[in-house]
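Trainee: The chain contents come next:
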Amino acid sequence: MTAAAAPALKMQRRSLYPGWFYLPAAVVYSVLFLAPTFASLYFSLTRWTLFDATFIGFDNFAQFFREPFLIQGLVNTVIYAVVTSGLKVVIGMALAVMLTSQIMARGYLRSVIFFPVLVSTIGVGMTFTVLMHPTQGMINQALALFGIAGPGWLVDPKLALFSVALVDVWKGVGLATVIYIAGLVAIPKDYYEAARIDGATRLQNFIYVTLPLSRPATATVITLSFIGGLRTFDLIWAMTKGGPGFASDTVASVIYKQYQAGFYGLSTAGNVVLFILIAVLVVPLTMFLNRKQGHE
Amino acid sequence: MAGLELKNIQKTYGKVEVIKGVDLDIEDGEFVVFVGPSGCGKSTLLRMIAGLEDITGGELYIGDKLCNDVEPRDRSIAMVFQSYALYPHMTVYDNVGFGLKLAKTPKDVRDQKIREAARILKMEHLLDRKPGQLSGGQRQRVAIGRAIVRQPEVFLFDEPLSNLDAALRVDTRMEIAKLHADLGATMIYVTHDQVEAMTLADKIVVLDAGVVQQVGSPIELYQRPQNRFVAGFIGSPKMNFVEVAVEAIGPDAITVGSKDVASLRVPAATAGISVGDTLTLGIRPHDLSPANTGAIVGRVAIVERLGNETIVNIELASGTAWLAVLDGDQALRIGESLALAAEPAKAILFDAAGKALLPTPA
Amino acid sequence: MRSRGSIIGGVAAIAATFVVFVIPFLFIILMAFKDKQQSALRDFSWPNGFHLWDNLYEVVKTRNWMMITAFINSSLITVVSVTLLIVLAAMVGFVLARRKTRWNGLIEFLILAGLMIPPAVVPTIWLLQGLKLFGTLHGMILIQVAYNLPFSIILYRAFIATIPRELDEAAVIDGARPLDVFFRIILPLLWPVTVTNIVVQSVGIFNDFTNPLYYLPGNQNATVQLTLYNFQSQFSTAYNLLFTNIMLITIPPLIVFMFFNRQIVAGMTAGAVKG
Chain A
1 MTAAAAPALK MQRRSLYPGW FYLPAAVVYS VLFLAPTFAS LYFSLTRWTL
51 FDATFIGFDN FAQFFREPFL IQGLVNTVIY AVVTSGLKVV IGMALAVMLT
101 SQIMARGYLR SVIFFPVLVS TIGVGMTFTV LMHPTQGMIN QALALFGIAG
151 PGWLVDPKLA LFSVALVDVW KGVGLATVIY IAGLVAIPKD YYEAARIDGA
201 TRLQNFIYVT LPLSRPATAT VITLSFIGGL RTFDLIWAMT KGGPGFASDT
251 VASVIYKQYQ AGFYGLSTAG NVVLFILIAV LVVPLTMFLN RKQGHE
Chain B
1 MAGLELKNIQ KTYGKVEVIK GVDLDIEDGE FVVFVGPSGC GKSTLLRMIA
51 GLEDITGGEL YIGDKLCNDV EPRDRSIAMV FQSYALYPHM TVYDNVGFGL
101 KLAKTPKDVR DQKIREAARI LKMEHLLDRK PGQLSGGQRQ RVAIGRAIVR
151 QPEVFLFDEP LSNLDAALRV DTRMEIAKLH ADLGATMIYV THDQVEAMTL
201 ADKIVVLDAG VVQQVGSPIE LYQRPQNRFV AGFIGSPKMN FVEVAVEAIG
251 PDAITVGSKD VASLRVPAAT AGISVGDTLT LGIRPHDLSP ANTGAIVGRV
301 AIVERLGNET IVNIELASGT AWLAVLDGDQ ALRIGESLAL AAEPAKAILF
351 DAAGKALLPT PA
Chain C
1 MRSRGSIIGG VAAIAATFVV FVIPFLFIIL MAFKDKQQSA LRDFSWPNGF
51 HLWDNLYEVV KTRNWMMITA FINSSLITVV SVTLLIVLAA MVGFVLARRK
101 TRWNGLIEFL ILAGLMIPPA VVPTIWLLQG LKLFGTLHGM ILIQVAYNLP
151 FSIILYRAFI ATIPRELDEA AVIDGARPLD VFFRIILPLL WPVTVTNIVV
201 QSVGIFNDFT NPLYYLPGNQ NATVQLTLYN FQSQFSTAYN LLFTNIMLIT
251 IPPLIVFMFF NRQIVAGMTA GAVKG
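Residue numbers (full-length UniProt numbering), protein chains in the order written: chain A, 1 to 296; chain B, 1 to 362; chain C, 1 to 275.
The following block holds chain A by itself, in its conformation from the complex (with noise of 0.2 Å):
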């Protein structure tokens, strides 16, 4: 009769939508990648051979910072992550433009565009890396017929990280497309008909209607391939393994290169510096990308 008696009888009823159900993923995602997330925070202040640890403080981290050639895979990393991403959202926008306008032969356009998206990294790497020879490459051999040196695309120091950020762009551009299509077909044509009565030209169009109201997209392909371009390994692997010497080295590289290596505690300090680092960059930059989406 009391409300007091009802909460001990209540525990017998079993809610429709169990908490265990959350079990069996949370134990995975907890054992695999929490765990050796946390893990991590210890190991990169040790001496590690993956049997015994010995304590040695910062030092991994100094070692991070002293060395030229992992300073330089620092700075790589943030040069490819902005190339990569800032090339994605232009040429992605443009694409997208393009293919949702009264364009001739728009399924081909967007398929041939996105299946680089599915297709194996690795093999896109090697296939690029066969092509971008300096001599004997088709890109070098196609722009000889036009009299032009190609340059030296993989081998020069200067152009190697750019070289690999190319290719991570023809690869990833189908995926930002597909995302700014999205955003732009939901923009509702009302805004470019009052546009249009009010006398704009389709460049004014594209300036103060298309480009405003995108920014959620613009957000989405600027936030991904960012994060996609700071933790990029498998495409520098596959083309250039870093090289020549350290030149398109990036913290994801070293940290493969440090674990070959043996120096376990030093490699999962690379870790740490990249989770910081995207921490770091990514955080703030979601805010703003966001904040400015609120104001519309």
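Hints were generated in silico from the structure; no laboratory data involved. Note that this is a predicted model, so its numbers are computed, not measured. Errors might be hidden in some of the hints.
Okay, derived cross-link-like pairs now, DSSO-like style, lysine-lysine, Cα gap no bigger than 30 Å in a straight line [as the list claims (entries may be wrong)]: (1) C:Lys36 / A:Lys241; (2) B:Lys20 / C:Lys100; (3) B:Lys101 / B:Lys130; (4) B:Lys15 / C:Lys36; (5) B:Lys203 / B:Lys104; (6) A:Lys241 / C:Lys61; (7) C:Lys100 / A:Lys257; (8) B:Lys104 / B:Lys122; (9) B:Lys238 / B:Lys178.
Derived DEER-like restraints, expressed as beta-carbon distance ranges [claimed, not checked]: (10) A:Ile187 / C:Arg99: 30 to 38 Å; (11) C:Ala161 / B:Asp25: 36 to 44 Å; (12) B:Pro88 / A:Arg215: 32 to 40 Å; (13) C:Gly130 / A:Ile187: 47 to 55 Å; (14) B:Asp74 / A:Val280: 53 to 61 Å; (15) B:Arg299 / A:Arg215: 54 to 62 Å.
Cβ atoms here follow ideal geometry from the backbone N, Cα and C, with glycine treated the same way.
For chain A, the structure is supplied; the task is to place chains B and C on it using the hints.
Mentor: Just chains B and C now, kept in the frame of chain A:
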């Protein structure tokens, strides 16, 4: 078959009290309608009976069984939802048979029951379709079919007609009434529409703010509402109210008046009332009729001529707006003065707390 | 009303995308048809003679038919981890979308973290060794599940939020237990997202190189991506074989693309936009 008994049923979400102690007896085979404005707690009460909401306090008996902590499937209830909630990926046949399948009813028995339900609801031709291919009315039938196939002792309806258009609503209402007559099961029906409540119910439960305002038969609620809320909620168009002063207290009647109403002697309970008190007078629009010597005089503001009756919006001297439904076609001009007579026996007085001063029945 | 300008624009677009996006694939195919001498030139020329079958045979039988093992391994990893992903992610998405508790904020944070944070590889290896899962297919499968859960959960949660709760309640009244509600009502209704999930995650896991590189050392459990990587040095002078291999591993995504183009695009954009 089973009746229900609710003893001091309460529901709170955190600190918010939604149901504040409901006591209710529902007889076996009765058709009970919970009615009230939105947010009054009627759906919550129904969902507590169904077992979809936990009961915070009090006791719920279905039949003789205490059901507070019984799973919905063991309460021998079935429910028809507002949105019908048909399973989109199953055919009508499987929708109706899902409960039986879960109860591991043998296939031949199941088939027979599904077809029987389909026959009762005249939807045999729909059995192979998916809900997406049905009209609103057909979905409604399937939802009811899903309920009757389980042969529950209590049917629960949660605003089942609110998604249908007006014409279909009247038809379906009649079918539900017929279903009740045929099956003889206990039915509890939630609606915010007092017309549905009046036409379907054996017993209406009027709820407001989580409290039962009155329980009774439709006519009882219409003729003898216990408070101003029930008087205003039941009946369409709504009852007119105006403040009046007590002029005289006679045996079993009170004479009231104001600048809107010339002295009117209304049969009422007189206990605790003294001359000079302010009361509220309630008169239903249908109980007003034009009369040159009428007690109520106002200015015609809006006239709606429907042919068989005329709905007049009048403004009383105090500025209060009243509605009168007059028989036949009345050619009235806007702005003209209109005198109306009221039958005193049908007028009701309410005290300052809103409680009706009903006369003791003869 | 198609103007001359837009026709020229269209033709130019087709030509440009052909050069940029199609020619590299044609190059792969042409190389796969060539013999060793001609492929060494690495130019865009018509094959002298038909050598595809020889090349295929050569690639497949290299290192004791390793390609076959690799395809089996990759398929196993993909099929099992995608199956697990679907069930686990749908369960989480279901409860997460339906039940509001004070834990929801933390869970959503962990999901976002999983999308952003790079896995800590060496500690993971150390842990897998401790669990005796390092270098095994089981370990690889669990890793793929753990790493890809957040994306699948996001896809599912967004979709489940669109399924009316009254369906769950109707099922409960019909006598369904929580598992019945999930497996008989919710999961079947999730089919469109499930297809998206299957397609997107299969492609991702099949193409994954980094994780097998770390967690599946040795030839015995190699995946197709690892095999290609390992063959690179072996085929360094035999470009015909290298490109035959590349073509071979491009075929599965091509098939998926041809059949599920729409779902892939829908899934990738939906997941991206909501994430």
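Trainee: Hints the structure violates: just list their numbers, smallest first.
Mentor: 4, 5, 7
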